[in-house]
Amino acid sequence: MARKKRRKKYQGKDGRLDLEMTPMIDVVFNLLIFFLCMPFRVPEGELDAFLPRDVGLFDDTVKLEDLEKVIVRIKDTKRTNPKVYLGKVPVATDHAGRPDFNALAEQLVGLKAKSGGEPPPVEIDSDPLVKYEFVIGALNACTKAKIGDIRFRFPHIDPATGTIKKQSN
Amino acid sequence: MARAKKYDIQHQAQLEFDITPMIDIVFLLIIFFMCVTEMSKLDIRAGIQLPIADQARVKDPSRENMVIINVEAPRPGKDVPLIYFKNKRVDLQTLRKYLHVAAELNRERGSDKKGTPPSNVEVIIRADQAVEYQYIQEVMIQAAEERIWKISLVAKQVTTRK
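So the sequences go chain by chain: A and B. Residues in the first sequence are numbered from 1 upward in steps of one, following our numbering. Residues in the second sequence are numbered from 170 upward in steps of one, following our numbering.
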């Protein structure tokens, strides 16, 4: 009796059984939106860096602190991968010829230990044509070495003319 | 006459308003608009391939005094990347104007040595990994000229295996 009633519910006008599509479409759309928006997004994080706070871009005086800082240079080699130097020492590369930023982090930890555990200020000086991912790699290595004071080297702006020229070391 | 009345009563009893599909559609719209509003609130542009950094830390995306600048990779056949401020495409001059307004609203008071005091705005740069550093540097210069000193660079949090 109950089965007969149920069958009647899903029977169309011509007596055939109908498949109800609406709930299925609804669920499919729900799943589609959910999987589009939520699950496979890799979480985004932030790396902190600081620009000159009190000196500004226009100050060209060299302070004692500036002489003691460690400079990470990223040089454009006109090839796929740039060369990275810690001071004047080149940083090792991996098998693909890419700079090994884990090695850079280890070198920075070594420098920190040499200076009695006090992290030296690090300045990242990159060629303008280097891809941004390598700058982030260097910044990531500095953060890994627990260096708190990381800065970026800027081109020097001449206050008189307003023109930009790169600072010389 | 009586027959017609009887038919009307029977017919009314059979009429049903099916609200299930309406509820389904309403839920779909709610989910859709929730996701879209969340993304537009964060000024996130979806097409950016972020660089990878295992040391990147998640911060509150809705904290105060922050502005997000998106830098998209150049379109095919073009050299210059696209810069977006509050999801609006801008050139460097316009970016400077927007940064100036944001910086002026949050200037430090009483810490001025000479000239303009620093600003407490935090600039968050979401740039594509393939963009040349010179363009990021340009954005940083615009911020530095407005005496903004807090900068955060956004990266994907993927841990590297040794």
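To be clear, the hints were calculated from the coordinates, so they are not data collected in a lab. In this text, all values refer to a predicted model and were calculated from it rather than measured experimentally. It cannot be assumed that every hint is accurate.
Said to hold, decoys possible - Once the Cα atoms are required to be at most 27 Å apart in a straight line, the calculated BS3-like pairs of lysine-lysine come out as:
1. LYS319(B) - LYS247(B)
2. LYS112(A) - LYS75(A)
3. LYS228(B) - LYS144(A)
4. LYS325(B) - LYS75(A)
5. LYS257(B) - LYS144(A)
As the list claims (entries may be wrong) - Part of the chain A face toward chain B, derived, beta carbon under 8 Å:
6. GLU44
7. ASP125
8. GLU133
9. ILE150
Backbone N, C-alpha and C define an ideal beta-carbon position, used for all residues, glycine too.
For each hint, the structure was consulted:
no., hint, result
1, LYS319(B) - LYS247(B), "violated, 31 Å"
2, LYS112(A) - LYS75(A), "holds, 24 Å"
3, LYS228(B) - LYS144(A), "holds, 17 Å"
4, LYS325(B) - LYS75(A), "holds, 24 Å"
5, LYS257(B) - LYS144(A), "violated, 34 Å"
6, GLU44, "holds, 5 Å"
7, ASP125, "violated, 11 Å"
8, GLU133, "holds, 4 Å"
9, ILE150, "violated, 10 Å"
In this structure, the hints that do not hold are numbers 1, 5, 7 and 9, in rising order.
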